[in-house]
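Trainee: The opening residue of the sequence shown carries number -15 in this note's numbering; numbering runs sequentially from there.
Hints in this document: simulated from the structure, not taken from any laboratory.
These numbers come from a predicted model, not from an experiment.
Watch out, some of these pointers could steer you wrong.
[Unchecked claim] Result set (SDA-like, lysine to any residue): computed pairs, CA atoms no more than 20 Å apart in a straight line: (1) K37 with F131; (2) K37 with M125; (3) K37 with R106; (4) K111 with L101; (5) K37 with I17; (6) K37 with A103; (7) K37 with V56; (8) K37 with F16; (9) K37 with A123; (10) K37 with S95; (11) K70 with D(-4); (12) K37 with I96; (13) K37 with S109; (14) K37 with T100; (15) K70 with V56.
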Amino acid sequence: QEIVDSISSPCDYLFGSWLIRIGVWTIVVLAFICNALVIVTIFRFPPYISSIKLLIGLIAVVNTLMGVCSSVLASVDALTFGVFAKYGAWWEGGAGCHTIGLLFIFASEASIFLLTLAALERGFSVKHATKSETKATLASMRIAVFFCFGLALIVAVIPVLGGSEYGVSPLCIPLPFGKPTAVEPSQGHSWGFEFSCGSHFSHGT
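With the hints as constraints, model all of the structure from the sequences given.
Mentor: As structure tokens, this is what we get:
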């Protein structure tokens, strides 16, 4: 059991430096404040939302979701400060890590797809500016938004279906080759340090 724990999480800190720690909390605070202002401003009058405003509002929503995921990681780092090695295996194997990882990938992919859709919408609106075409664009935009969210969900689920897992790293990010199963005992500790600590932020950097 001690070998497994040392392989899974040999680090004493989830975030390896105060620069990263402060940076993450700063991003979390700004994500909540700025995106909340955008969401309230845009969705305050739902019947009068244009297609581009809808996209901007939804981008703010998914960015807020990424802020929530980052805040959870920052909270785990704060709660396990200096003793993460004792709880790392529990965190990586728990439902919380898997959920946070899936939501983070979903939100990040959805943000990319929505940004692409917004660029296409702007290009389309320049060529077609009549009233009837604008209404048609808004209706088709809603369908495109559902497609973006569906595609983002598929991308988020693929790592699980493909044999990878969201709990193979402390940051709950799936690795392209899945979770390693064959590790030599003599190399277990050194490999585990590289995998768990090196995959995010090495302590002391």
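Trainee: Flag every earlier hint the structure violates by its number, smallest first.
Mentor: Violated hint: only 7; rest satisfied.
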